[in-house]
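> Line by line, the protein sequences are chains A and B.
Numbering-wise (the numbering used here), the first sequence opens with residue 1 and increments by one.
Numbering-wise (the numbering used here), the second sequence opens with residue 1001 and increments by one.
Calculated directly from the structure, the hints in this document are not laboratory data.
Hints are not guaranteed to be accurate.
To be verified - Label-pair restraints from in silico Cβ distances:
| hint | chain 1 | residue 1 | chain 2 | residue 2 | range |
| --- | --- | --- | --- | --- | --- |
| 1 | A | R88 | B | F1013 | 19 to 25 Å |
| 2 | B | L1106 | A | L248 | 41 to 47 Å |
| 3 | B | G1138 | A | F141 | 56 to 62 Å |
Ideal placement from N, C-alpha and C gives every residue a C-beta, glycine not left out.
Given next are the chains, with one letter for each unit.
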Amino acid sequence: MKNLRIFYHSFLIKMREILAYRLEFLAGFFGPIAINTVVLTMLWSSILKYQGVDHINGMSLSGFVMYYYLVSVGQRVLIGAGIGYISRDIYYGEINKYLIYPLNFQVFKWGTYFAPTVTYLLQLLLFIVLHKVFWGNSIEFVDLSQGAILLLLGAYCYFLIMNSIEYLAFWFENIWSLGVSLRAFLEFAGGFFIPLSFFPDAVQRFLNFTPFPAMLYRPVQIILGNESYSFLSCALLLLFWILIFFCLDRFVWKLGRENYTGVGI
Amino acid sequence: MRYLRLYLYFLQFSFSKALQFRLEFTFRIFMDLAYHLLNLYFFKTIFQYTNFIEGWNEDQVILFVCGFILNDAIYMTFFSTNCWWLPIHINKGELDYYLTKPIRPLFFLSLKDFAANSFVNLLVAIGLFVWALIPLWGSFTLLKFSVYCLLLLNGAVLWYLFHLLFYLPVFWTQSPRGFESLLWGFDNIVKYPHMIQKGFLRIFFTYILPLNLMISFPTSYLLSDEGGRYFLVTSLGLSLLIWSIVMKLWSMGLRRYSSASS
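If we strip away everything but chain B, and leave its shape as in the complex, we get (with noise of 0.2 Å):
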């Protein structure tokens, strides 16, 4: 309850900051937008080429794109904004401030900026998204419909996992940015269907870097006739397991701190 209250008042600041800059409100939306259309064109050009990817037709991967989108919408609003400032956070030994706060420090570095201006292109994505679901409603049930929605919110929650994944050697590195640029590069995996990878790649995007989990496995399991529970078990078991991973590293990263300041 008092981790609710304090994310209402992280709300209430985003929301009074990003306004008092309205033009630069205007630049992100603009920017995800443009971000968003470029995608859904890409595949409706690669569908004059052909009928199908890996056995879905158009209707079903402009879904799973959608879904793309509406992963990416959730992570720039709630997570992107605090994931850009933590290497540098650490980096800079500001980590004084959050670890002296009497409230779990990476909930503070990881949920006190909200993008409001991001919060209005999540709005047009769950509209993409609606609008992607029409052609098919009606091919699975609700319950099936629920659990994927779940699942998705579940990529985007290991998104910003990921992000943790390849910022966090800034304690042991002490470079500026970490992993970043590699993390970029792999954006390309989550933005086309698994199906498409072969052999060991797909076995290492599944298991061992599990990006594969994030949309491509809740949009196979919501198309699927059958084979719906792998994706479910492995979806949330490997969520899991990187959730504690991550959490491992955070407090051997803080065990390795030096603080600049104090």
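Extracted from the complex, chain A is given alone in its bound form (with noise of 0.2 Å):
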């Protein structure tokens, strides 16, 4: 109960802050998931004219529009609060405070890594639901909630293995270049710029091995109602990636404590 408090209360702190700067916060609300889905779109347009073909690899232009606009928006659900969240916090010292609190660490830093999420996944639902409302679209709604379920659970996911290598600032300078690395892993892997059914077999079969197609692609092909995938084999999937990532997540949390010293205390 304390620790849904705390949640809570950290969430809301975090919406605040979003919500201060209303015109940088629209502006990278919507500009760099249309940016992407327009840009990309035209890329494969532009291959379907050339081939003169209305699909590839079973894919139409509207199937690329949708397909794009979900992954791009997924993405954004997926890395919350981005990179630095923690490690500024070990950089400053300003870790002390949370030490000494009588809080989870961990609670609050999800609460504030979950504000962005709700945001973008707020964002997805709106959309699905207007663009069925006013141009039809093939989306059940079942499908929706079942894939939004997927990507709430990838994003507790992602925010696990990011907290590893946030811990990593206890012992290194700069982790930002792993973040960034991982946010770039998550993107090639999780089917960000190309569907994954577009790679060789033996590329896919390596990247199954990963858990960032559970994380964005197979929760945006359950959205688009591909049968091939079904909900509980990825959610159980999900689950079995955040039991391996908690545990790496508390042991690297207690090593870092373990070498940490608080200066100014």
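Combine both chains into one complex, guided by the hints.
As structure tokens, this is what we get:
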């Protein structure tokens, strides 16, 4: 109960911070998603036109539009508060307060990480519903809900992986590049640039050994109603990865705290 | 001459700082390499489904991608760390330190940190660029190639100017990072040949927010048999315009700046 209260308050604080600079928030909230969707769709449109076909690998132009919108917004749901949300506290010694206050550090940070995740998830749900009402699309409410749940699980999984990288700031001066690399792998292996079915079989098989397809590509396929992917198997797979990264998160956190020397106490 | 000497000192400090943290040094090398390889693999995958992208074959597109990688490596090496700190300095009122020095503050703020670890990637990027040039070598004159290299360099400086354009509003909005997240979205415009853009979008990204000038125009200039003059004149003219707009914005921002400490 206490953890829930901490989570709620940290979530609210972060929401206020996000909404404090509205113009920047709106530009960043819609801009990159729209640009990514439009540019990649234009690329495939040009290829479809050159080849003189309506479909490539089973995907039509409207399929590409919806796919790229979903992976673009899905990626934003996953990356939440971005990079540096723990490492900055470690560098500036601000982590001292979390160590001496009676609160669960991970719960507090999950609250702040979760706020941007929720804003993008709302954008996704709202867009799909409005799109269905005004233009009509074949996305079912059940698929949308299942995809949203999987994206939330994926966001928590990504948060745990990112935490383990952020804690490396206990030892290293700069971990920003590792965070960017993780994001690059998520984008590659999550189908952000190219649907995974376009990759050769060997690459697809290899990527399935990583958690990233289950975090982004499969939830998007489930929203799109692709019956090759089941909600249950994807959820179980994500829970398996969450368990692994949860243990890693606690292990690195414990090691880091033992290594930490707080300045100014 | 004085500025050149100063820049050499910046280099010296940056290298000694970077080598103090050797493992971190490798993190960034790893990041940039992964980024470059994923970009190349993306286009290699695309070419399993087509032979041309808007008239460019695989070799030509790979040259375009390696131009992008080179451009990114130049930006990352010379400007990225400085650009990262700029909105923070403005926001926290830390510009005083730079404004009171007897050199141009924008020079100091833009070039003080040379990313020594990204320099390693710049060498890799040059290697990739040469590799991409080999299959096309002989299809253009040496003069055209030299102008192309200058236009690519101009593209890297333009990318820095675009960063300033999106960070400088911090003088007015006092937000932590300006319009940075929007700028990261524009990265995707630069990554693909401008010919895929249609109608208003192409006009917008050529004349209003001319991201097409960075890599796509130089590559089009090199690969086109005719019409090269259009790409050259547009690139140089609009680059000068962007430069003057950013300088104007910078001086307006400085007038607006209220220090937090003095």
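> None of the hints should be skipped; say for each whether it holds.
Hints, verified against the model:
Distance hint check for R88 of chain A and F1013 of chain B: the Cβ-Cβ separation is about 24 Å, which falls inside the suggested range of 19 to 25 Å. About 44 Å separates the C-beta atoms of L1106 of chain B and L248 of chain A, a value consistent with the hinted range of 41 to 47 Å. Restraint check, G1138 of chain B to F141 of chain A: a C-beta distance of roughly 60 Å satisfies the suggested window 56 to 62 Å.
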